[in-house]
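Novice: Going down the list, the sequences are from chains A and B. Here the first sequence is numbered in full-length UniProt numbering, starting from 1 and rising by one per residue. Here the second sequence is numbered in full-length UniProt numbering, starting from 1 and rising by one per residue.
Please note: incorrect hints may appear among the correct ones.
Quick list of simulated restraints, FRET-style, between CB atoms [as the list claims (entries may be wrong)]:
#1 Arg638/A x Lys359/B: 30 to 36 Å
#2 Gly709/A x Glu122/B: 23 to 29 Å
#3 Ala176/A x Arg706/B: 54 to 60 Å
According to the in silico footprint, chain A covers these stretches of chain B (three or more CB under 8 Å from chain A) [to be verified]:
#4 50-57
#5 123-131
#6 227-234
#7 290-300
#8 639-649
Just so you know, the hints here were simulated from the structure itself, not pulled from any lab data. Glycine residues also receive a C-beta, built at the ideal position from the N, C-alpha and C atoms.
Protein chains: 2
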Amino acid sequence: MDKSSCPTNLQINTMARPLSEALTSMPGLSGETAPDYVILFRPDPSSRQRTAAQLERLVRRIVDVGMRVKCEVGDNSAVLVMVRCPTSKLQSEAYTSRVKDWLAGIRIAAPVEETKDSISAEPMTPAERLRLVHAILTIPAAEGGVGITPNVGEWDLVASIFPIHDPVFGQSWLAAWSKRGIISDSSLTILKDNFGEKVAFLFAFTQVYFLFLGVPAVVGVIAHFFLPQYSIIYSLVLGSWSIVFVEMWRRKETNLAVRWGVHGCAKLEHRRAAFNGDKTVTDPYTGEDVPVFPVGKRILRQLLSVPIGFVAAITLAAAIMSIVATEILINEVYDGPGKNVLIYLPTVLFSTVVPFLSKSYRSASKKVTMFENHETDSSYEQSFTNKIFALNMLTSYMSLFITAYVYLPFGDLIVPKLDFLNLFQTSTKFTEKATGAGPTFQINSGRLVNQMRYMSITNNLVNFALELVVPFITKLIFNEAKHLRSKYRRAPARPTLERRGTVEEMTLNRVKEEAALDEYEIYGDYAEIVIQFGFVVLFSPVWPLAPVCFLINNWVELRSDAAKLCVGYRRPVPERADSIGPWVEHLAFVSWLGSITTSSLISIFRTGAHPRDASILGTLGIVLFAENLWLGTRFVVRHILKAVPPQGQRQLDGEKYKVRTEYLRQLIGEQAASAGDKKLGEAAAQEEDMGAFWRMDSGVEGVLQRAKGCMVSENKKTA
Amino acid sequence: MDKSSCPTNLQINTMARPLSEALTSMPGLSGETAPDYVILFRPDPSSRQRTAAQLERLVRRIVDVGMRVKCEVGDNSAVLVMVRCPTSKLQSEAYTSRVKDWLAGIRIAAPVEETKDSISAEPMTPAERLRLVHAILTIPAAEGGVGITPNVGEWDLVASIFPIHDPVFGQSWLAAWSKRGIISDSSLTILKDNFGEKVAFLFAFTQVYFLFLGVPAVVGVIAHFFLPQYSIIYSLVLGSWSIVFVEMWRRKETNLAVRWGVHGCAKLEHRRAAFNGDKTVTDPYTGEDVPVFPVGKRILRQLLSVPIGFVAAITLAAAIMSIVATEILINEVYDGPGKNVLIYLPTVLFSTVVPFLSKSYRSASKKVTMFENHETDSSYEQSFTNKIFALNMLTSYMSLFITAYVYLPFGDLIVPKLDFLNLFQTSTKFTEKATGAGPTFQINSGRLVNQMRYMSITNNLVNFALELVVPFITKLIFNEAKHLRSKYRRAPARPTLERRGTVEEMTLNRVKEEAALDEYEIYGDYAEIVIQFGFVVLFSPVWPLAPVCFLINNWVELRSDAAKLCVGYRRPVPERADSIGPWVEHLAFVSWLGSITTSSLISIFRTGAHPRDASILGTLGIVLFAENLWLGTRFVVRHILKAVPPQGQRQLDGEKYKVRTEYLRQLIGEQAASAGDKKLGEAAAQEEDMGAFWRMDSGVEGVLQRAKGCMVSENKKTA
């Protein structure tokens, strides 16, 4: 195998040279021995025969398409089917893929004619390699692939397919990243080359958001110390900032997609294996037979999510409201026996009931989205993400909404009536208090600020712990347990390894370790940022220090996300993407919602009087004004940004121009490239017979004389 | 000259064959004799020498670029410089233009290699011919053109440049059109081939709007007879209709642009002669030196229109308000002497003051837009159109807004105080009335409906008269006067013609007639439709019969516009366009505004009680709800439409695919077109040495045995 075509080496060379030396000293981790993919096969304990047949079919098919296979015993009686694709086969696959990209207009320049030249001119990145191998493993057998569909149909015993991490790359990349303040575009490109565009877009987005957050952070600190709470100035800055951020990100997105050569890559997406066409139609342009599913039918099916979402939202909202009510009762009203213990009840309820409901909603959403019969993964994901994001919004913001719009304005009316079952015997308390001199119930007016503080500080620390520390401890305990178990079982438990050298052993250990990890879900990381953006845009006028807390959190988050990606989870299958997908629309939605919440919060709470004293008319007027101000500002921002086309667009146009000029030169020679010989044309024009009327027998001078004649005769007339 | 390259003949052949015969019997009107363009040259009465020098320069330059010239005496001492471009020159120009289109990505397919083949494969349309000739006449001398800039600098005596109508085409086209109910797409293409895409888009838009108007027309008739005034159902239908119309038109626009091969043609627009770059920069992609003007500076300059627009709007609004107040006083309060005469005062005021103010505003806008230093005509036009549309909105809707939101709710309070100068001696009237038993002043509650009726019926009739009948009469009178004058002056006045044959005489007469016509301004026709759309969307719940009146009007309008274009005005210079430009955004704006007006009108007037009794809170709430309903509906409509990519987009993608496949086949042969020989790659893959770890020495069977071994050992463990 040619050393230059080894993707791991290539990558390391461009990044941190000393580490490439370390590579040779760790033979088990070398790119050449490591499998491209591991197929986790779980034998059916009830039927040994079925297991053997499916395993044999799997191995035979993989060998048939020209790949190498190795089987090993994994943990929990699983079989680890390790696959590696010969580079020569991949080169032809890469070439095919590049030609297809170019046919679809994703690549501007045609690939070099010869396969080998094309690959050496533009070497395969590890991500490209893994993406292509994954495609071979998953596209239907009829199209030349293996056609594995994990957990479905004839592959029900295949639990998952996952690539193996490149620990050398991971370590050097994490090291390089942790030293820098911000992530450079070239660093993002290295990330893209190893994990694919979809993951790289997450980091690019997190980074841009991190930088942009500096603005509300600084303004927020100033507002906190020098401006009144619910500052109008701060809110105006915040609203404009959110608009500019969303619109600027759209540009950045286009630029990155063009730079990474994936602009419009959704056009070439594979059809989902789960897609069922109603009928087959011949595409009039490409001449291919394609299964189609009527758009109207899909839209009808999508309508189904309206009632389901409605019921789910009401259930969830009711649950959260009850928990919040319980919390208020226990914290602020109850002071009977066992309060020390009861005080934890709401937290327990929240962390059991809400996740349970969320999970049910999630699985219902998945079913509905499957039923919508999407043709591509990106369309499916968009639909599913929309549903899940609605859920996330509800669980994240609901309690703040309740505090702002129910508890603070109407708490003194509602709370005394809350304990209608008299579980906490509050009625007697109220009566007692009422007979006394003090007020029956005192609203905790700092509740909103406290909640925002909790969300900006405590919550981040908890998340950090859950994301990094807990998995670490779990892994530690798990490994210890395994160690104990293997000690108990002694040597016979690992009979195959003893016979092998260290290379095999190290590889197998690594594969087993990674098989034990969870799958990386990019969704959660996006949701975290967008929900955080929501806290800033929707509620930060309550406590303007929130952005600066989030800023600090995000600096850590960016790095911990990187560690999560390289160490904490299985390596994700590299996917292409030319944007962050539906998230940008969610950002825009949150930004719009912010115009409504901030303006209403200002109207209700700014005066410091009882919130119920705020005029509803005034609030409605302010909200109407703020929403239209938001619409107007966005219009202006878009207008201004449109005046400067994004770098990426200009680059795209420029490249197209170059390619076409080149083509023209090749196809019809230099003379024609300068577009028609003008001199030749003019000579012919001089001689052309245009009939008597236009014949200039007396030449130019004749015409001029006639022209002067026209003037003379006219002058005479006017004289 | 080759007969097949005569554009007029070509066109007629595709349309109405019998008419092509008529052509030969009218030699003076034949396409071969007719000039392409006429340059109207106005001698400087103060300096004969300057006039002669400029005229000579003009003629010499035109002859230099290879065109034929003829000078004739025009009316009012003007010189008519007639120009015709030899077809052979034009062919090379057309070829250059097509190659440029292709380089910019406007054309998908590269033009055929040889000029002649290219032109015969895809003949020049009359519009293309005229567009190219106009380009030669106007692009700077340095770039190979004549560089005429009418009325400016060295060409200050050139009053205008205009092409000559093709009366045979015009008559046959008008005849064909008037017989049909609707205009087919192929009929639009013929229009495009003769007048250019910009004009064709106007007719396409008018037609689509006409068809769409059917919906509110039908629903409106039903609403008028079966639903209450200010019907909520009608308003909801209306709002959704307006959203769907705008979004559907966007699709239609793309489809037409793709079909006409002008999608993205703005990319190739010539730089405006009036554009001044701050500095010259080399384009990094095309390598051309281009003058640039900083975007920030232009945006700053654009900010200038904010105060100017503000002052203008206030002045105009104040003027209209005063006129409306006067009208109300005279019509509804005053009943003293001279009322018969005074009643016409507001109309006189409106038709003198408002046009005067509009004209001042228009010329100020022109100056501001010039100062904004736009780089292309379309950018200039967009900016100017925005300004003028704001003016049109104000003059058209102001009086309805006053009636709805000022007169009806507050009239009884304001009107008695209006005549503070006591010009109409109303104070005594009011006192008299007040002392009597009746109410002091009775609001005319039907005023809004009356105004809508006037706008939908009377106004249309007046416009029709102004547009068609008046110009006809003017022309008649003008011709009669000219006839009388020439009779009085006798033969010597036209010495040149007597010496010529009929062909020349007929041509010259036609040129003179057309020089006497006004220039066609497409702006007015667009404004008319968009303003009408506004009446429907903003106010038709007041009187739901309005749409059906407009529908009838538009049927006539479409045809009268066609007549106007072919007969009433000078032939416009054919321009390319890939959309209706800024108008679609104006439609969207009006549609949005409609959500606010209709909802507030319903809230204020629906109950039938005094408008002032409507709760402001309720109205604000309803408006807030309606606006967000509008935003939500548009979101849904766009979402649904996005699910079905427009025909044009698919066609574009398909064509790109075809062209690229073709290119691939040509460039690297059939074998590579099927993208890399897979068999070859697989054979190589089988032999590739991948190191000891992946060597499958015992073949597939060995691997299978090992695989079964993994299962067995695991089964034993679990057993």
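Novice: Now look at each hint and say whether the structure bears it out.
Specialist: Hint-by-hint comparison with the structure:
1. Judged by the Cβ atoms, the range 30 to 36 Å given for Arg638/A and Lys359/B holds: they are separated by roughly 32 Å.
2. Checked against the hint of 23 to 29 Å, the C-beta distance between Gly709/A and Glu122/B comes to roughly 42 Å, which is inconsistent with it.
3. Here the CB-CB span from Ala176/A to Arg706/B is close to 40 Å, at odds with the stated 54 to 60 Å.
4. Counting residues of the region 50-57 of chain B whose CB lies closer than 8 Å to any CB of chain A gives 4, which reaches the minimum of 3, so the coverage claim holds.
5. Counting residues of the region 123-131 of chain B whose CB lies closer than 8 Å to any CB of chain A gives 0, which falls below the minimum of 3, so the coverage claim is violated.
6. Against chain A, the region 227-234 of chain B contributes 0 residues with a C-beta closer than 8 Å to a partner C-beta. That does not satisfy the three-residue criterion, and the hint is violated.
7. A stretch counts as covered by a chain when three or more of its residues have a beta carbon under 8 Å from one of that chain; for the region 290-300 of chain B and chain A the count is 3, and the coverage holds.
8. Proximity of the region 639-649 of chain B to chain A, defined as three or more residues with a beta carbon under 8 Å from a beta carbon of that chain, is established by the 3 residues found.
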